[in-house]
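Protein chains in written order, with my numbering: chain A, -14 to 147; chain B, 882 to 1704.
Hints in this document: simulated from the structure, not taken from any laboratory.
Hints may contain errors.
Claimed, not checked - With the Cβ distance kept under 10 Å, some of the chain B side facing chain A (calculated, not the full set):
1. G901
2. R913
3. R914
4. L916
5. G1142
6. M1587
7. L1624
8. T1631
Just so you know, these numbers come straight off a predicted model, no measurement behind them.
Just so you know, even glycine gets a beta-carbon here, dropped at the ideal spot from N, CA and C.
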Amino acid sequence: MTAVAASRLITVEINGVTYEHEVPARRLLVHFLRDDLALTGTHIGCDTGNCGACTIHLNGEPVKSCMLLAVQVDGASITTVEGLAPDGELTPLQQAFSEAHALQCGYCTPGMLMSASALLERNPHPSEEEVRIALQGNICRCTGYWNIIEAVQRAALSGGSA
Amino acid sequence: MTTVETPTTEAAPETTLERGYVGLDYPRKEDRRLLQGQGVFVDDIKRWGMGYVHFVRSPYAHAKILSIDVSKALAVKGVYGTLTGDEVALQTDPFFQIASEPGAHVRDYALAVGKARYVGDPVAAVVAETRELARDAAELVEVEYEPLPAIVDARRALDEDAPILHEECGGNLAWQGTYEWGDLDAAFAEADHIVRISELHFDRFNSTPLELDGALVEYNRGTGQWTLHCNNQFPGFAIIMMGPALRVGLDKLRFVTQDIGGGFGNKITSHPQLVACCLLARKLNRPIQWTEWRTEFHQSMSHGNERWFQDIEVAVKADGTLLGFRCKALDDAGAYLRYEPLGGVIWSQVTPGMYRWRNIRVDFTQVMTNKAPVSPNRGYSRMQHLWLTERIIDIVAHELGFDPIEIRKRNYIQPEDMPYETPNGCVYDSGDYPRALDLALELIGYDQLEERRRDAESRGRLLGFGIGSTLDSGTNNFGQSQLINPDLQFSGNNEVATVKLDILGEIVVTLGTTPQGQGHETTAAQVVADILGCSPDDVTVRAGHDTYWNSHAGFSGTYASQFAVTGLGAVKGATEELARQMRVLASMVFGCSPDDIELVDKHARIKGNPEAALPFQALGAIVNAGNAGFPEDPPPLNARYVFRPKFEVPDKERKFGNLTLTYAMQIHACVVEVDPETGYYEVVDYAAVDDCGSRVNPKIVEGQVMGATAHALGAAIWESFVYDDEGNLLTPNFYDYHVPHALDMPPLRTGALESPSPFTPLGTKGMGEGGGAGIHAVCAALQDALRSRGGAIVSDSHNPYHRVWAMLRDPDATRANVEVVSK
Chain A
-14 MTAVAASRLI TVEINGVTYE HEVPARRLLV HFLRDDLALT GTHIGCDTGN
36 CGACTIHLNG EPVKSCMLLA VQVDGASITT VEGLAPDGEL TPLQQAFSEA
86 HALQCGYCTP GMLMSASALL ERNPHPSEEE VRIALQGNIC RCTGYWNIIE
136 AVQRAALSGG SA
Chain B
882 MTTVETPTTE AAPETTLERG YVGLDYPRKE DRRLLQGQGV FVDDIKRWGM
932 GYVHFVRSPY AHAKILSIDV SKALAVKGVY GTLTGDEVAL QTDPFFQIAS
982 EPGAHVRDYA LAVGKARYVG DPVAAVVAET RELARDAAEL VEVEYEPLPA
1032 IVDARRALDE DAPILHEECG GNLAWQGTYE WGDLDAAFAE ADHIVRISEL
1082 HFDRFNSTPL ELDGALVEYN RGTGQWTLHC NNQFPGFAII MMGPALRVGL
1132 DKLRFVTQDI GGGFGNKITS HPQLVACCLL ARKLNRPIQW TEWRTEFHQS
1182 MSHGNERWFQ DIEVAVKADG TLLGFRCKAL DDAGAYLRYE PLGGVIWSQV
1232 TPGMYRWRNI RVDFTQVMTN KAPVSPNRGY SRMQHLWLTE RIIDIVAHEL
1282 GFDPIEIRKR NYIQPEDMPY ETPNGCVYDS GDYPRALDLA LELIGYDQLE
1332 ERRRDAESRG RLLGFGIGST LDSGTNNFGQ SQLINPDLQF SGNNEVATVK
1382 LDILGEIVVT LGTTPQGQGH ETTAAQVVAD ILGCSPDDVT VRAGHDTYWN
1432 SHAGFSGTYA SQFAVTGLGA VKGATEELAR QMRVLASMVF GCSPDDIELV
1482 DKHARIKGNP EAALPFQALG AIVNAGNAGF PEDPPPLNAR YVFRPKFEVP
1532 DKERKFGNLT LTYAMQIHAC VVEVDPETGY YEVVDYAAVD DCGSRVNPKI
1582 VEGQVMGATA HALGAAIWES FVYDDEGNLL TPNFYDYHVP HALDMPPLRT
1632 GALESPSPFT PLGTKGMGEG GGAGIHAVCA ALQDALRSRG GAIVSDSHNP
1682 YHRVWAMLRD PDATRANVEV VSK
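Looking at chain A on its own, in the form it has when it is part of the complex (with noise of 0.2 Å):
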């Protein structure tokens, strides 16, 4: 190992707000997000790429971001759950998610509405089983996910996407 591991300048837009920053080469994407910028939406639950928590919009696309590096990012544009309703007005999805009570802790729910928001881009109408398939990277340790599919549903019903 070497103890001051080497660095890199990247240049990054996230929620609208570019980014300059040197970045250590062996920094995972998630870190760099929740250490260095606080944007500490984007939670962490686990060591292997199972579980979601971590999942932000890369280029549009739903990534986890503890599964890459931050270099990996440079010249990229990424949302991440802080940038879903800036103005902090709910979106429909969001909405859904409450009415729905599809959260409880609340842990997963970033990653939850990344994906979901993700499916609903590109499948404004999702069937019940292409929500589960498309969250099926997301685990919820408290709800069973019941009540996460019904969000997602009626979020899709109310025309509503990220």
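Let chain A serve as the given structure and place chain B on it in line with the hints.
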């Protein structure tokens, strides 16, 4: 398709509250911040100059620690310091042990001292400038071990030649006790059939909250006080454990939580790591940040109690009446007794399950093994015992040819028996079990079952139907700890709330609880609003817990199904006192009697006279900011209430007494389809009926039912902490330990009954644990499905596909586990 129905609701429950907001699906106050990523979880908290800690953990299940050399780690630039077991042994005392002899002799510290006793046992800690550096530097710590043989199978732990974990205990026994009530000899003499089951096994798993354990610990050098921003869910317990270990008074430990990403009991016993963080914060004079990694959690944190039931004998009458049973229970506590051996008594909250048998004997033995320490996990210790009772019912029915529904209805405690005193003196407060079972059958479409069975057969599948009937006992009488150790002084229970009317008329509530998603801010506001005559939106319930808010007591926390009783009982008591003070103040202003004042629409007014009304803002201002010239001392508009359920210390000789205040009930029913070629199966239909008395917020209650169902399905089918013979955990992450995801969940219908508790301030019962009903139901359904293929007996709580395949392949091997003697 998810169908959520509440087809039957009983008549409005009797409570002393006029129901307004209480009883509604009021939207959760917590949601807005959590949906926007604005929750504050422990890893979100940062301080200037903080250091990240990483623990060095034992790669051996059992090994002497010969030496630890931290010099290479310390030499790395950016490493702030280290901590080893030797330092811990000098600077702290061993944690207080709950156990009597011989477990009382366990010497448990924040880090392993002298020996490591499971894979993942922390032996040293390294603090550095970044997470990455701390982790790297931890690898540079050189630990010289002398590996020792490990004991992994609890059934061998008391063998003469078994390796001993804690030499000071003289063996691996943690605790042993005999429980016997009724007249076993008479019951077995009266029985027409005796059903013997040689062994059942309840598997090791836990609920794996998505957020890992963690803390940000600050030390105030001037006052000698630590502030622990953390996600421990039972500060009352942790502080009592930590203060004496750190040799400080309890007020030196300030616990602060806000949002906690799931707990399920698994975040009760983080006190060893928290002590390590305290020592490091003091030693290095900087804030210490600790966040566990997933593998560390799986290896070291809060496994559920694994339990063997052996030599089970059941006394049954010819008509299916169950007279009683006797068995041995062998509980595997893992390497240390962090909350144990409380599991050795907590099961007896539900001694007879839901049944009327009066003659029960359990010889309970708890042993220590070279595996992760156990501690509470949703359904803690009762789930294991309730699984036993449900297995007994279904095995008896299977062997003697009774219908699983009829034998349940025949033996259930009946609604007219309520309140029902169990053979060991617990009092089941209310409930209608047969009706709940009927509702579950209706929800799952039981009348179509045989048709569905034929349909499944036509597709080459074996259909099985199973019931899990279970209890969720809540609001512990901690006096039950004295049945484990007569020298303990704990008894009863309590929780605290404060409510004040603030300077500008704001209503502010603090709780002693540590919610992890149960919606305490919302339900507390519903109760306050109904008493003060305002909306829940007018009520600020501070998020989380702070021991310095004066809403902390010895049992504060969120655990063991009690908030709706203890937490809301405290909220109700404090709010009623505040309402009284507000009426007194208004009566002083108006020169009338407090009885003439009513609180309506955020005003205190003379009854029937809307003109004579003081807005809450004016009341707050009089006391707080405009009290000059006031003729009398105004009331403080600040109320603290300690809710205390009325308990007695149980009789230690007879092991008799009321151990919990309320008994919520769940009945689950499920349908499985098994592929007879491979053992692969799916839960294809599911229904869950809950009765937790009066529901403050039915949507939140239903959410708990759903969550408990999902945990039970995970445990029944996929989730298991599997160890090899040398004590290596084979499922240390979410690849190997499969938790259910969205595609795994069956269609679910929920139903609810409301049998208000006569013993609680709001008619509520604690709930949320679900008693493992899904595990019971899946086991029963599998046994039913396999009936036509040799009639295998399901003897394990955890049934992955390969185990089902084995049962299909050799049913006789499983049947050898059961013997029936008929007179």
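Problem set entry | Residue hint G901 (chain B), partner chain A, criterion CB-CB below 10 Å | violated, 21 Å
Problem set entry | When the least beta-carbon distance from G1142 (chain B) to chain A is tested against 10 Å, hint result | holds, 3 Å
Exercise. Taking 10 Å as the limit, does the beta-carbon of T1631 (chain B) come near enough to a beta-carbon in chain A?
Worked result: holds, 9 Å
Problem set entry | Restraint outcome when R913 (chain B) is required to lie within 10 Å of chain A by C-beta distance | holds, 7 Å
Problem set entry | Interface hint outcome for L916 (chain B) [beta carbon to chain A under 10 Å] | Holds: closest Cβ of chain A sits about 4 Å from L916 (chain B), inside 10 Å.
Exercise. Regarding the hint that M1587 (chain B) lies at the interface with chain A, is the smallest CB-CB distance below 10 Å?
Worked result: Cβ of M1587 (chain B) sits 4 Å from chain A, so the hint holds.
Problem set entry | Interface hint status, R914 (chain B) versus chain A (Cβ within 10 Å) | holds, 8 Å
Problem set entry | Restraint satisfaction for L1624 (chain B) [CB to CB of chain A, less than 10 Å] | holds, 5 Å
In summary, the structure is inconsistent with hint 1 from the numbered list given earlier, while agreeing with all the others.
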